[in-house]
Amino acid sequence: MSPITIRRRTAAVTLTAALLVPLAACGKGEDKPAAAGSGSTPKAVNLTVLAASSLTDVFKTAGAEYEKTHPGTKITFSFAGSQELAAQVKQGAPADALVTADTKTMDGLKAETGNATVIAKNRLVIAAGKANPFKIDELKDLADTKIKVVLAAPEVPVGRYSKQILDAQKIEVKPVSQEPNVRAVLSKVELGEADAGLVYKTDSAKSGDKVVTVDIPDEQNAVASYPAATLKASKNAEDAAAFVTWLSTPEAQKILQDAGFQKA
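Per this note's numbering, residue 28 is the first one in the sequence shown, and the count goes up by one each step.
Just so you know, these hints were derived from the structure itself, not from any lab. Ideal Cβ positions, reconstructed from N, Cα and C, are used throughout, including at glycine. Treat the hints with caution; some may be incorrect.
[To be verified] Simulated DEER-style distance windows between Cβ atoms:
id, residue 1, residue 2, range
1, T88, K117, 36 to 46 Å
2, P244, P69, 19 to 29 Å
3, S204, A71, 42 to 52 Å
4, K237, G135, 27 to 37 Å
5, P160, S275, 16 to 26 Å
6, N142, G219, 41 to 51 Å
7, Q289, K70, 51 to 61 Å
8, P98, K162, 24 to 34 Å
[Unchecked claim] 25 Å max Cα-Cα, derived BS3-like pairs, lysine-lysine:
id, residue 1, residue 2
9, K281, K87
10, K262, K137
11, K190, K201
12, K131, K162
13, K175, K262
14, K262, K173
15, K157, K95
16, K228, K148
17, K201, K167
18, K131, K290
19, K228, K259
20, K201, K175
21, K197, K101
22, K262, K87
23, K228, K197
24, K228, K137
25, K148, K281
26, K117, K131
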């Protein structure tokens, strides 16, 4: 074989090897999964949370904050009276977590929920009509038959708390209506369809000058507890548990307390 032929073959082998190296490297790169934290898009998660009506405003704020600090997570809230939420859970409504306005309702759902944790507390106040024309300043004033009082139905947590404090003070009130949740009670007073009602302190505070808030002394009052739990039927169990846990963090607690809720 001539020296020229040998040199040509050597050059061809060298060129072929040079071309194969980057191809092999590309193949390895395609097989290797992307490293965690390398800028990949966060997993998209949609959580549905059933929550008591009295949490409507504060949970909208809390939900927005949670979504901001947990990219990829979207929270949809469904607000209603706790007894309505319990019925939805028992009927198998698709949801991931539940927050009620009393422990009794949550305790009745142990077969459907994980362990519950109280995340906040609340107290009752008297919401009197604008300018408080009847000069209501204590619970016993609600017994006056000239005053149209509206209460929540007794199966609703706030209705149960209302009955508890009125019975303890031996005050008989004949409500003009019994509403399905605290927001409905407050709305009746705001619209002038009732002269007064018993609501949560946090709800009355959101009404501004639409109602006059009359505080009830602690010794005559009731404490409402708000337990939160995941639902066993959730398809996003890990993410639902993360949200429920977050509700007890300093960040979430500040949002709740800024809205007037008491520390759990």
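Here is how each hint holds up against the structure:
In this structure the supplied range 36 to 46 Å is violated for T88 paired with K117, their Cβ-Cβ distance being about 29 Å. The supplied range of 19 to 29 Å is broken by P244 and P69, whose beta-carbon atoms lie about 49 Å from each other. At about 44 Å, the beta-carbon gap between S204 and A71 stays in the expected band of 42 to 52 Å. Here the CB-CB span from K237 to G135 is close to 34 Å, well matched to the stated 27 to 37 Å.
The given range of 16 to 26 Å is broken by P160 and S275, whose C-beta atoms sit roughly 42 Å from each other. Our hint of 41 to 51 Å for N142 and G219 holds, since their Cβ atoms are close to 44 Å apart. For the hinted restraint 51 to 61 Å between Q289 and K70, the CB-CB distance of approximately 35 Å leaves it violated. A beta carbon spacing of about 53 Å between P98 and K162 contradicts the range 24 to 34 Å that was offered as a hint.
Our distance criterion of 25 Å between C-alpha atoms is met by K281 and K87, whose separation comes to about 14 Å. Taking the CA atoms of K262 and K137, the gap is near 18 Å; set against the 25 Å cutoff, the hint holds. Between K190 and K201, the direct Cα distance comes to roughly 11 Å. Compliance with the 25 Å bound is thereby established for this hinted pair. For the hint pairing K131 with K162, the CA-to-CA distance comes to about 35 Å; that exceeds 25 Å, so the pair is violated.
Between the alpha carbons of K175 and K262 the distance comes to roughly 46 Å, so the proposed pair goes past 25 Å and is violated. Of the supplied pair hints, the one linking K262 and K173 is violated, its CA atoms being roughly 53 Å apart against a limit of 25 Å. Note on K157 and K95: the hinted pairing is violated, with a Cα-Cα distance of about 38 Å set against a maximum of 25 Å. With a C-alpha separation of about 10 Å, the suggested pairing of K228 with K148 holds against the 25 Å cut-off.
Our distance criterion of 25 Å between C-alpha atoms is met by K201 and K167, whose separation comes to about 12 Å. At roughly 19 Å between alpha-carbon atoms, K131 and K290 fall within 25 Å of each other, so this suggested pair holds. At roughly 32 Å between alpha-carbon atoms, K228 and K259 are farther apart than 25 Å, so this suggested pair is violated. Among the hinted pairs, K201 with K175 is consistent with the structure: their alpha-carbon atoms are about 9 Å apart, no more than 25 Å.
Taken as a hint, the K197 and K101 pair is broken in the structure, with Cα atoms around 47 Å apart against an allowance of 25 Å. Only pairs whose Cα atoms come within 25 Å are accepted, and K262 paired with K87 is accepted, the gap being roughly 22 Å. With a C-alpha separation of about 22 Å, the suggested pair K228 and K197 falls inside the 25 Å cut-off, and the hint holds. Of the supplied pair hints, the one linking K228 and K137 is violated, its CA atoms being roughly 28 Å apart against a limit of 25 Å.
For the hint pairing K148 with K281, the CA-to-CA distance comes to about 13 Å; that is within 25 Å, so the pair holds. Our distance criterion of 25 Å between C-alpha atoms is met by K117 and K131, whose separation comes to about 15 Å.
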